Amino acid sequence: MKTLLAIFLIAAAVSTGLAQDVLNHQLDGSEQGKSLAEYLRSIEKNSNSKFYFIDQWLEPLHFEKEYQGMTLEEALKKILQGTDISFTTFYNYAVVFAKDPNRTLEKMRFIQSIKTEKKQVEAKAIGKKENTKPGSVVELSGTVKDGKTQGPLPGAVIQVKDGKSIISSPDGTFKLQLPVGEYFIVFQYSNYEEKIINLGAYENGEVTVELMETPKVLDEVIVTGRQGSAVTSNVGQIDLKMAQLKKLPTFLGEIDIIKQIQVLPGVTSVGEMSSGFNVRGGGVDQNLILYDGIQIFNNSHVFGFFSAFNSDAIKSATFFKGGIPAEYGGRVSSVMNIISKEGDYKKWSASGGVGPISSNVSFNGPIYKDKTSLFASVRSSYSDWMIKTLTYQNINKSTVRFYDASLKLSHKFSERDKLTLSGYSSQDVFGLPSDTTFAWRNQIASLQFDHAFNEKAFSTITLGYGTFGYDVKDKNPSSAYDLKYNISYPTLKADFNYQLNRHKLNTGVGSIWYGITPGTIAPTTAQSNVKPVTIAKEQSLENSFFLEDEFEVNDKLRFNAGFRLSSFSSLGPQKVYLYQPGQPLSDNTIIDSISYASGKSAKTYFGFEPRFSLVYKLSSFSSVKLGYNRIFQYIHLISNSVAITPIDIWQPSNYYFKPQIGDQYSAGLFHSTHNGKYELSVEGFYKFTNNILDFKDGSSIVLNPNLETALLSGVAKAYGVEFSAKKNIGRLQGSVNYTYARSLRQVRSQFADESINNGNYYPSNYDQPSVVNLTWRYEISRRVSFTGNFTYRTGRPITLPYSYASVGNIPIVNFSDRNMQRIPDYHRLDLALVIDGNHRRKKIVDGSWIISFYNVYARKNVYSVFYKTDAAGIQSPYQLSIVGTILPSISYRFKI
Amino acid sequence: MKRSLIVIYIYLVLSSCVTPYDVTTSFQPAIVVEGMITDKPGPYVVNLSNTIPVNNQLYETSVVQGATVVIHDDQGLTETLVEKSPGSYYTSSIQGVVGRSYYITISTSEGNSYQSAPEKLLPVGDFTNLRYEFAQNEPGGSNHQISSTNGFNIFLDSEVLPEQEGRVWWRWTGTFHIFTYPSLHTRPSDGKVIVQLPDPIPCSGYYVFRGALMGPTGRCTCCDCWVSEYSQIPLISDTRFVNNGKVTGMQIAFVEANRRTLYEKYHLEVEQMSVSQTVYDFWKNVKQQKSNSSNLFQTPPPKTKGNLVATSEKAIPVIGYFAASSVKVHSIDMTQLDVPYPVLAIDTLTVSCTQAYKNSSTIKPIFW
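So the sequences go chain by chain: A and B.
If you're matching positions, the first sequence starts at 0 in numbering that gives the first Met the number 0 and goes up one per residue.
If you're matching positions, the second sequence starts at 0 in numbering that gives the first Met the number 0 and goes up one per residue.
Hints listed in this document are in silico derivations from the structure and should not be mistaken for laboratory results.
These figures come from a predicted structure and were not determined experimentally.
C-beta atoms are modelled at their ideal positions from N, C-alpha and C, and glycine is treated no differently.
The following label-pair restraints were derived from C-beta to C-beta distances:
no.: 1; chain 1: A; residue 1: Asp-816; chain 2: B; residue 2: Leu-76; range: 34 to 42 angstroms
no.: 2; chain 1: A; residue 1: Tyr-615; chain 2: B; residue 2: Lys-313; range: 54 to 62 angstroms
no.: 3; chain 1: A; residue 1: Arg-741; chain 2: B; residue 2: Gln-27; range: 23 to 31 angstroms
no.: 4; chain 1: B; residue 1: Ser-92; chain 2: A; residue 2: Asn-475; range: 51 to 59 angstroms
no.: 5; chain 1: A; residue 1: Gly-581; chain 2: B; residue 2: Leu-76; range: 27 to 35 angstroms
no.: 6; chain 1: B; residue 1: Thr-18; chain 2: A; residue 2: Trp-848; range: 34 to 42 angstroms
no.: 7; chain 1: B; residue 1: Pro-122; chain 2: A; residue 2: Gly-794; range: 45 to 53 angstroms
no.: 8; chain 1: A; residue 1: Ile-850; chain 2: B; residue 2: Asn-142; range: 48 to 56 angstroms
So that you can see chain A by itself, here it is in the shape it has in the complex (with noise of 0.2 angstroms):
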């Protein structure tokens, strides 16, 4: 079936030869510069054998003078290398050209797509036509680009189409080789228009392609030939596709990425007020974010209603949830890289939205034209307003502030340097009618030089300063305080990349010296009866270094290999209390301490990674991706709640907090079919992690100078299958994600109080085994599409009571096994309208409306339970809902 033949032609002929002597006759050099169907007519008459092809299929190919003293047969395997012709002996006399067809037929689908979505072909070749060497191969090198700012863009996809599929380096240039001859390249990249070049490659040279991104602020990026994509890109790894997101329902009309990620399979989050999300079975402070390769410890506003980056401030943002490369460490489950948009080079322009809640602007463009740019984006509530104009209750003596803005200057040295300096600060305000203030902000700043040493060579330089706080005040005079708690964390890390042949090397150092003011509580009036606390400083430093190898074998067969070397100190000056040995760690147990002068590591931890990831391409629809990497976690959350709040504090590993090691095995099976139209995945993992902390039973932890006396060491085990299938063409498009995942902790210790639910295993806080996502987008009009998503999670454990008792007259309650309970299933509809503004290219401004109806049938999901003490004095179970009814929004989006 592979080989068809397209034509046959048999002739009668006497046969005197034989054709196998035809194939060994040896070219003499007389053959040089003919074509290679005149050269072959001309032994034809010479011999009794027979040739049989159509004139036009030989026609481009040529022989050069190299072919001299090779046989016949060796020089038009040579020849015919990499085309589609292949040729084969029949009856000994008969040398019969076949070509095979599937690429052909390919081709013409393609075009025939081309044709139906009209899509633009831009014409390009690549040397002369008339310099062609038939059946040489040429060597393409490129860069492909933003086509306003100049950006490289890397990770972009190049699909040659009836060919192999590569993604573009850092610095987004490109190789290729291929066979001489015509082809449709198809360039590919997240919120950018595709574009597809008609490429002539007749001899090497550059090709330098510019993408645009999507005009129409709200379209999202159709591509075709998404296989391209999916069936290529390593197990674990989603790109997030910027555009898509603007067109989902949302959430009070704010577009949110956080949100995104919590619908992917594998993806988890414990309900509307947590920003956070769980991946595979892992705790929410187990993703590293990166914003520009420095880590952010906040990613949301209003407890978790909404995440703290402004989307239109977002270049791309890649997620890893399983086969992390050996480049990102530090955290044991997840890894979302976030690349903030760079200004453009060439003209000003500014976009914006205005929502109910929040508006936000930003504006980009040339400082000095191709030199330096700018980009700033600025996004700010205006909820406290609204709120002050309410008469309810007490609720005006509420206040809601958040903002989040960023900015990015870029400087060309040359084609080949570039500075670039980048800061992002969110910030929030929550204030309770009871005159209880909440604060918080993150803020990042950095500095990168991006340095191309030639085309192989690129390497990357970060230094970088963060910091993470927040402070409670409480202006009730009889118990007024101040709580601060505050990390900052410098950053500086050096990236190297380096291309040889079909190997990608990547290799890096990095430092992050984590300074943490764990908490300090003070009165702030006369009457107040707080007692001032201070928590002793910590500060810790964690190395790294890393190397990595992504090797294309061959074009089925790709692996990314490395490890990283991890090390971790925590450091004095600090105190460290020791216990009785063969006692449970409590206060009443201290019988010592040892004192660490400044600068003295207290403990040191090293890790090795090994990491290794591997695709496999079955066919050009198909592949089976495996990966394994090991991951070891220095900073540990310490959250009395089931999600990331402000008011949540980061234990770096010390003298008692081991790092959390994880190891994670996943496996996948890619499949497209219809040209890229319908894409099914399924995925499997297994993954453990050591040293994970849990509480002790009703443990304090705000302000405890001891904490290894509230909390627990354990293992966690998580393990899942996530089934995806969607829909990438056509007036509907959609997905559908079932995920069935079980995520378990095990705290065991000889003694009972150090031992939860007796040793054994049960549920961690977010094990929702079931899963299902519904996304789906249905275009009405050309303007008009009517999008909507369905989420299902089995409800998530809680401890709940048993029953009452009253013991010497002290009400109690006796409570059952940590998590031995469940909330009842989260499930929740959401729709939305987009209206787009009208699609011509030159327009003043781009805008479109966005109407959004959130939990259409108003569910009032659980999203906690809690005790309240009642008259009785006995602690009755409450349980808050965060969203209870119907959300109707409706946002302005624009882009001029």
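We have chain A; now place chain B onto it with these hints.
Relative to the frame of chain A, chain B by itself:
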């Protein structure tokens, strides 16, 4: 128009709601044990009861009757307790001795058996300087005479013996005298014009004859009551604040000052007890359970199991404690003279005094 839309909108946003959570299905019965032996003369009591479903709004405790409760010591002595009132089992002769260990065994009539961990009766230090300080948080006007945030903070200084290893358990019982007027009880009339008709409570000695209040025919048996109040949160020492065997300035109670609590005087009796590590941990968990609640971001609630275990198969779980403690007792009285503003005379409560307050009794305490 626009503004009202916004208002509706915000209302929706903030309509995240808090409602009682139904835990009916999670009910699992358990037996509750509460008892102790001290170095003071007995009799001592061990109370057995059943746990109550969480959503039982009546909080009716059902007691465990007909069980066999035996106290054992480390010398092999045993004494079987006698159920003198339903669910309350009393000792007759045994007295705790410092240095010995005690435990109890329980067999219920259903055949379940339980046992406590052996508890060593540790000595206890004494406490001094039991004192009160009046704290005025609001004006002492007539608005704040029945229920007030003004009152007495009670402090003491403790001595902690080395054997106690920093663990101290305090309990207090407050007692005050109230006087009520059940004879003046009325009920609304039927008919169109509602008037209050005399409706004396029978124990007042008054009755109604032809619509008129008559009497008294005898002594009022429900006008004079002594109300007991108990510590509502477990009071245990924080071992970090025990310095050189002393706890100074420990606040153990707040006594509300109003026209009822100070009608005659407020009597406060404080016990300081030694306590084993297991019972200390039990109270510590209960205390954390109390302080942890009413917070949306609470840590997993502590389990309050105590020092008893089931010893028969398929026995329903047990919670509670059996303690062996040395006890030191001191008391203190507070009167109207300790309040810097005039306390009004007791108000006219037209109910029986036993109904006016929980834990209210017409029997005059021996110390009164």
